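Asks: Residue numbers (the working numbering), protein chains in the order written: chain W, 50 to 812; chain C, 38 to 382.
Hints should not be assumed to be uniformly reliable.
[Unchecked claim] Below, simulated BS3-like cross-link-like pairs (lysine-lysine); rule was C-alpha separation at most 30 Å, straight line:
(1) Lys106/C - Lys92/W
(2) Lys168/W - Lys90/C
(3) Lys65/W - Lys660/W
(4) Lys65/W - Lys113/W
(5) Lys106/C - Lys105/W
(6) Lys168/W - Lys106/C
(7) Lys97/W - Lys75/C
(8) Lys181/C - Lys92/W
(9) Lys113/W - Lys90/C
[Said to hold, decoys possible] Among chain W residues calculated to face chain C with C-beta under 10 Å, some are:
(10) Gln289
(11) Gln312
(12) Thr314
(13) Glu452
(14) Lys680
Derived from the structure by calculation, the hints contain no laboratory data.
Quantities reported herein were computed from a predicted structural model and do not represent experimental measurements.
For glycine and all other residues, C-beta sits at the position ideal for the given N, C-alpha and C.
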Amino acid sequence: MSSPVVGTSVADVRGKERVTGTAQYTVDLSRPNMLFGAIVRSKYPNAKILRIDTSKAESLPGVKAVITGKDVPPISFPPFLSYDLRVLAGATDSYVRFVGDEVAAIAAETEEVAETAAKLVDIQYQPLPFNLDAETTMQPGAPDVASSLGFPRNVQSAYSPLVMTRGDIDAGFAEADVVFEGEYRVPPQAAASLRPFSCLAEWDGPNLTVYNDSQVIFVRQGELAYLLGIPTANVRVVSQYMGGGFGEDNLYRFIPLAAILAQKTSRPVKMVMPQDYAFEGSPNKRHAASFIARLGAKRDGTITAMDLQATYDKGAYLAGGSSVPYVGARAVFNGYRVPNMRYTTYAVFTDNPPAGAFRGYGGVQSNFAVQSAIDDLAEQLGMDPTEVHYLNCIRPDDVLEIEGEQVDFSQVGGSAFMEAIEKGKAATDWESRWSPSGAAAAAGHVRTGLGMALLTYGFGHKPDTANVSISVRPGGEVEVLMGTADLGGGQPTTISMIVAEELGARLEDVSVSLGDTNLPAAPALGSFGSRTTFITGNAAKLAAADAKQKLLAAAAGMLGTTSDQLGTSGSKVLVSGSSQSASFSQVVQSLPGGVSIEGSGEYVHTAQTSKSGFQFGACFAEVEVNEWTGKTVVKRLVMAQDYGRVINPRAAEGQMQGAAMQGLGYGILEDYSVDETTAQSTTRDWLYYRVPTITDVPEMVSIPIESPDPRGPFGAKGAGESMIICTHSAIRNAVANAIGVRFTSLPITPQMVIEALKANGGK
Amino acid sequence: MSSGLPPELMPRSIPEFSYVAPSTVAEAISLLGRYGSKAKVMAGGSDLLHLMKRDGMPEVPEVIVDVKKIAEMRQLDFEPAGGLSMGALVTIGDVERSDLIAERYPLLSQASDQISVPQVRNVATVGGALSQQVWCPFLRNALKCWRAGGEICYATLDGADNRYYHSVMGGDDCYAVHPSDLAVALEALDASVVVAGPYGTKTMRLDDFLPGNVWAANLLQSHVLSPTELITAVHVPPPASDTRYAYMKSRMRNALDFAIASVAVSLSVEGGVVTDSRVVFGGIAPSPYRDLGTQERLNGATISATLPEEVAGLALAEATPLQDNAYKVDVAKGLLKEAILNLSA
């Protein structure tokens with residue numbers, strides 16, 4: 050018998066082509082006769098377009114098309130994604146609303162000609178007052194950003210305010226011995242994918258094909274059909290290799306623009322966005338947010354009331370992620386057994402670029418407020434913060450009200466918080482090293498601190514139905530078809546492993562086809578929100594079980610026995626208690642006219658399951674803060690994380706480490722800056738927008754905690770967001786421990802450290 | 038002139054220019070004389086190409102004079118009596134990896150090791166380090182300031198983000214700091230610069246070469262080179278005996294970042310007493326900032342546990358920070374303390 054596949058570390062099945070350069074990313078694609086696109090963007094955060102003159106651009110040799118708002122459909126992106134963003138500014142009114150707002154698009158024979166033509170489009174603007182701050186937007190008399198979009202004020206009506214409650218908040222404060230109140234804020238964050246954003250659009254008669262590294266191929270297909278007014282069946286979207294998939298794949302205007310330009314010129318059009326688009330103008334930075342947190346607690350650390358008010362900056366349009374603030378609220382209720390909770394969210398329009406989906410999706414922001422506030426409360430109570438978390442976190446058999454429904458945690462694998470705290474403390478030697486005033490006894494200007502934060506994330510939000518089909522071919526190959534794309538997080542590997550395990554096939558015999566709406570695979574929402582392992586994985590397991598049962602039935606006839614005497618292993622059917630066997634290949638070839646054995650599986654991810662999948666974890670950070678230079682160095686991260694049963698430990702650890710580094714960047718490095726006078730960003734590239742380099746990566750210790758979800762394939766849970774939810778909070782709390790300064794905003798910069806120490810009368 | 042690359046491989050957003058690549062200094066000077074301010078000298082290109090891509094120049098150069106083929110500018114020589122001579126084309130990576138330099142001029146090794154990333158160090162040159170444009174985020178993000186043909190310094194406006202790369206020691210219209218680590222270390226080693234021009238060559242002290250803000254052809258620049266001149270080499274005097282060196286740099290991330298502040302310190306010590314010192318700060322002023330007051334306090338001082346605090350506490354009292362960058366003075370003083378502490382051990 051071969052050893053099990055699930056639970057062993059396996060290299061990514063598509064890793065080789067990536068590292069050897071044979072993988073064709075969207076930006077690598079080329080077509081004979083292809084045109085290049087370019088986009089004209091607004092330099093104003095709020096302005097009226099008075100006049101657009103495209104004549105100079107049009108007369109430039111090599112320019113094949115110039116389009117403006119009047120040339121695009123006067124409708125918004127589909128309501129699922131947005132109900133105010135048009136394909137170009139000026140489609141239904143004459144306003145630009147953020148720096149980077151798309152105003153015109155060009156198709157030309159070369160990239161240079163397209164870019165030169167973009168500079169020749171002459172636009173006259175009437176600049177209007179603008180507002181880049183969400184809180185001032187809510188004040189009376191602020192420039193009325195959204196009124197021209199049809200909203201009552203600057204506050205988005207659908208989600209303002211969104212109120213979620215548990216218990217009786219007033220009673221909770223009434224029984225508290227102490228009340229803590231704090232204000233916290235987090236900045237925007239760019240996903241900073243390595244790829245340039247790009248697409249290639251080509252028409253064949255009435256049929257459109259778009260190549261784009263998309264996490265959501267069927268959503269993209271529906272979006273293009275809707276915007277172009279053509280049947281969905283006429284649109285094909287292909288996404289093979291992602292050059293970054295952190296959720297930022299939403300509401301790209303350049304994709305429908307490429308399709309429109311390709312239609313207009315009857316030639317393929319390739320659009321490659323400049324790198325600075327990832328930092329300015331792209332509609333998918335993490336929402337900046339601010340919070341007021343109030344906690345009521347007993348002297349022993351039991352929290353009796355938790356009240357949060359959140360304000361999320363949506364930017365200029367309700368682009369994508371209208372559910373971001375909602376998920377942020379849920380993440381708080383999914384974390385603590387506090388009996389009385391209230392969470393009030395405002396989502397507010399500003400003249401910033403639209404914010405959207407980004408790994409951690411709302412939870413990263415609210416985590417900072419809650420994890421900072423609990424740490425601050427622990428200090429006020431004179432307690433070790435791990436004890437306060439331990440007392441109040443959800444326990445494995447808790448039954449708690451979340452959004453009016455009773456969630457029985459024992460039925461979803463239990464909460465792993467307590468185990469994560471225990472193991473994290475052991476791995477950091479917390480009991481002997483931690484003290485309220487830092488981790489190291491030694492004096493000196495470099496202070497060491499320990500801090501921790503919990504994370505919870507509801508994976509697989511949004512109901513969906515996943516279908517997977519399997520063919521066992523006459524050569525013994527096992528071909529798997531799925532309706533989502535390879536996000537880059539090892540999805541085809543995970544699905545291959547699940548199929549190999551269930552079917553008893555060798556992993557090397559399994560191949561996965563995905564990422565193409567023309568494959569005969571049923572549509573699915575896509576790869577996001579840590580959902581593929583759980584949802585598609587369940588369908589894959591069912592499909593493999595179906596194929597196995599058919600294989601055994603066929604083998605029974607061939608081997609002269611009954612199915613119940615047969616098993617599978619190593620791509621062979623084995624007879625129980627005998628050395629007799631037949632390879633999958635032999636079994637399939639034995640069938641009359643045998644082409645292949647087919648299996649199919651469908652998994653319905655219901656409204657109920659979509660709201661009851663939970664990741665749990667804890668991040669423990671050890672930092673050094675240099676009181677002379679103000680610099681914070683993260684020395685070590687201990688990450689205890691529950692993914693349920695781990696399918697591929699190597700991939701899970703990769704997710705944990707990558708997520709932690711994005712969290713580290715958010716905590717101390719990534720300092721998105723917009724000039725207040727011009728509203729231009731001065732952090733529009735890799736130099737000034739500081740994502741961590743390899744030299745900033747600390748020692749990372751991963752502690753997998755297996756708290757299997759009985760509903761997941763082999764007990765697996767989603768794994769994608771993980772440590773990004775809380776690493777920044779753990780670092781903040783470790784800095785507080787090191788130097789006694791409880792920062793309320795990010796990133797923690799040398800300026801903040803030095804100024805705070807001076808204000809404290811320090812060195 | 039077309040580069041001949043297929044369209045999909047063309048670099049983005051770089052306007053057309055013509056390209057010449059002289060093979061001798063004399064030829065380069067003749068070309069620069071011919072094109073004048075229409076030409077720009079390129080060596081590693083890490084500064085110039087960024088400026089051209091990011092619209093950081095008043096107008097793009099019509100001619101690029103690529104000096105990389107000039108063999109006589111690649112030499113790296115050491116004579117015990119004459120000191121170190123580095124051709125302008127010696128790369129930062131060459132300096133970082135040179136055993137000769139590590140042994141005799143550890144300050145240069147320490148500074149080079151903390152510059153940018155290995156990929157940049159392998160193309161960026163000693164000459165480029167001294168003649169580069171400032172890396173002010175406003176200038177490098179296409180805001181037309183004094184150095185790009187405008188009449189404004191965005192860093193001094195109310196509410197401007199001047200936290201990282203602007204002067205705490207005043208400015209002269211422009212408040213950007215000089216970005217070079219190597220220049221700071223070279224200044225602490227009393228280096229001089231060899232400049233070629235239509236007149237032949239001349240040797241200048243580094244602080245005369247790099248005064249900070251110099252008006253030339255209606256634009257501000259950091260150095261005194263005219264468009265017809267070329268930096269060909271840098272000389273460093275022989276190392277003094279019994280001298281210890283430290284280069285300290287603080288930056289947000291540990292690679293690919295400029296200094297919030299840096300300091301180069303050389304300390305000659307005999308019998309526990311400082312006999313000579315040089316202290317030069319980087320990242321805080323429009324040029325490397327030689328702190329003569331601190332040097333005076335150090336010279337003659339006895340090494341002790343309290344010396345770092347005593348000396349650093351009085352340093353940079355003349356600072357005039359902008360709205361949000363006063364902390365840079367504290368960082369600079371902190372680095373000075375660390376440097377003296379390390380050198381006193």
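Asks: All hints, please: hold or fail.
Replies: Hints, one by one, checked against the model:
Restraint check: the Cα-Cα separation between Lys106/C and Lys92/W comes to about 41 Å, which exceeds 30 Å; the hinted pair is violated. Note on Lys168/W and Lys90/C: the hinted pairing holds, with a Cα-Cα distance of about 14 Å set against a maximum of 30 Å. With a C-alpha separation of about 36 Å, the suggested pairing of Lys65/W with Lys660/W is violated against the 30 Å cut-off. Straight-line distance between C-alpha atoms of Lys65/W and Lys113/W comes to about 39 Å, which puts the hinted pair past the 30 Å bound.
A C-alpha spacing of about 41 Å is found between Lys106/C and Lys105/W, which places the hinted pair above 30 Å, so the restraint is violated. Taken as a hint, the Lys168/W and Lys106/C pair is broken in the structure, with Cα atoms around 35 Å apart against an allowance of 30 Å. With a C-alpha separation of about 38 Å, the suggested pairing of Lys97/W with Lys75/C is violated against the 30 Å cut-off. Under the criterion of a C-alpha separation no larger than 30 Å, the hint pairing Lys181/C with Lys92/W is consistent with the structure, at around 14 Å.
Pair hint Lys113/W plus Lys90/C holds up; C-alpha atoms about 25 Å apart against a cutoff of 30 Å. The restraint placing Gln289/W at the interface with chain C is violated, with a minimum CB-CB distance near 18 Å, outside the 10 Å limit. Interface restraint check: Gln312/W against chain C, minimum CB-CB distance 22 Å, threshold 10 Å, status violated. Taken as an interface hint, Thr314/W does not check out: its beta carbon lies about 16 Å from the nearest beta carbon of chain C, beyond 10 Å.
Against a cut-off of 10 Å between C-beta atoms, the interface hint on Glu452/W is violated, since the closest Cβ of chain C lies about 40 Å away. Among the interface hints, the one on Lys680/W holds; its C-beta lies about 6 Å from the nearest C-beta in chain C, closer than the 10 Å criterion.
Of the hints listed earlier, those the structure fails to meet are numbers 1, 3, 4, 5, 6, 7, 10, 11, 12 and 13, in rising order.
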